[in-house]
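First to last, the sequence lines map onto chains A and B. If you count the first sequence from 1, position 19 lands on 19 in full-length UniProt numbering, and the numbers rise without skipping. If you count the second sequence from 1, position 43 lands on 43 in full-length UniProt numbering, and the numbers rise without skipping.
Source of the hints: derived by calculation from the structure; they are not laboratory data. One thing to keep in mind: the hints can contain errors.
Unchecked claim - Distance ranges between label pairs, derived from CB positions:
#1 E224(B) with I66(A): 28 to 38 angstroms
#2 S93(B) with R95(A): 30 to 40 angstroms
#3 S41(A) with A82(B): 46 to 56 angstroms
#4 S40(B) with L183(A): 49 to 59 angstroms
#5 N50(A) with S40(B): 55 to 65 angstroms
#6 Y190(B) with I159(A): 45 to 55 angstroms
#7 F85(B) with I103(A): 36 to 46 angstroms
#8 G229(A) with G256(B): 49 to 59 angstroms
#9 I159(A) with G256(B): 32 to 42 angstroms
#10 S139(B) with L49(A): 35 to 45 angstroms
#11 L183(A) with H126(B): 51 to 61 angstroms
#12 I246(A) with S139(B): 49 to 59 angstroms
#13 K32(A) with Y190(B): 48 to 58 angstroms
None of these values were measured; they are calculated from a predicted model. A virtual CB, placed ideally from N, CA and C, is assigned to each residue, including glycine.
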Amino acid sequence: MRWWTYLGAIVVGIYFLFPLYILVLLAFNSPKYTVLAKFPSLLPVSLTLNNLLTALQGTAFIDPFIKSLETATLVGIITIALAIPAGYGLSRLPRAIAYSIIILLLVTNMMPAIVIGIPIAVDFLKLHLFESVIGLALAQTLITLPLATFILQGTFSSIPIDLEHQARVDGANLFNRLFSVLLPLAAPGIAAAFLISWMFSWDEFTYAILLIPYHSTLPVTIYQDVTRGNLLAGIAFSLIFTIPVIILTFALQKYLRGEYLAGGIKG
Amino acid sequence: MKLTPFLLVLPALAYVIGFAFFPTIEAVYLSFQDPHGGFSLYNYEELSYFNLSGAIIDTIVVTIGALAIQLALGFLVASVLAREFFGKRALSSITIIPMGIATVVAAVTFSFVFQTSGGYANTILHSLFGLNVNWYQSSISSLLVVMIADSWKNTPIVALILLAGMSSIPKELYYASAIDGAGPIRRFFYITLPNLRSFIGISLILRGVQEFNIFALPLILIGEHPPLLTTLIYDLYTTTFPEVGLALASATILLGFILVFSSIVIKLSGGR
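Assemble the whole structure, with the sequences as input and the hints as a guide.
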């Protein structure tokens, strides 16, 4: 039994790490052994920082990087601002009503970004929100809001309603109860919701390429670099793009759990 | 019924309806408009010149294939992580890494793994078997590349949901059936699977819908050859802009598939 577990663990570990290893090889190995080779080497044979330095020199990645940061943070804030009241409200509504509202939210999550994005792009052209970070963030919130609401509904449901009754007896109004009792207890769920919103939006490509096609966020810039044959820049930016999220993922790892993703499924 | 909870839900609800429902209805409505503003099937008839049926079949193939791979791998990962062993914490950290990697980055990396000339997959195949595969030779192998890249990025979510489900199954069930003489395979089919029904349903809906919408990965890995519904929509959109009728008509078809798929899965997983 033990033996199988370790074999499984090794297979799983290699499966998840291999592509990352390749990305590091591409970034730090001399191009002779990577993008230019007939059979690229699987070993770090000629480590160099030249790839990164030449790619980062003179190429505009700062602006897209900042745009990505701005968008993801804005999406996180808008999402949380809407999802905290919604999640709390849902957890206190009768089950049948809350359930149908959640279904409604999740169904909108199923609407393809590319279906929504095209009419929105046409509308944004008229509203001067085309090519703007705010317009992009408003659209991307659609992806994160249903999920964040779902997570927070589960979180607030797990807080015993008696705690709230007690605070109410002590004379706390809704806002006091929210800030002194509910929010501190819900903090892990809120952190999870924010993190997932931030990550989903950092990653988002479809709305970005439809709504900011020209001076876009980093994912679109990477796509454009790679398709124009600017391979090393694409690889270098990919690495830069990945580092913040890896740090964030590890820092907040304990909040990234199936229980949150499955939200109210058990509740 | 109290009003306050409902009022608190209202802003989020209004947001989603305003930004998702209305544009979707607008898209469907405009897809039935011909260039002269009349109401007709003009866009849908035009679509027949653009390999629409090929794109539909490819999309279904990718969706089913990627879901199958992700469920299988998700079960493998979840059953490994459900046990206690040395290095479990490290492995669960490794498992969530792909969730943090941007889809675009995954696509770029896998495009180098499955390079036409050489490529890392071929390096391995070449040194082991002396093979050199052209991954983009047939449309099915191109689609396989997309499925593999997608499964790397998205198996963790499936695994996390399945793991949460597995830990909710009472251990006594396993002990009891082990005493009754059920082996690991029987226990999997008679205890694990039935108890995970709603969790499998959730991950199928979550992933399946995204699978129909898969866009950045195929765009970077295979461009528009063979086309999926999303890359076809994007292609039509960029080549005919500011006329968007054709793109919207194919978008409406994609929407139809997603609605049908999700209602099937919701039915199968027993509603809740």
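Could you work out which of the previously given hints the structure breaks and list their numbers from low to high?
3, 6, 8 and 12
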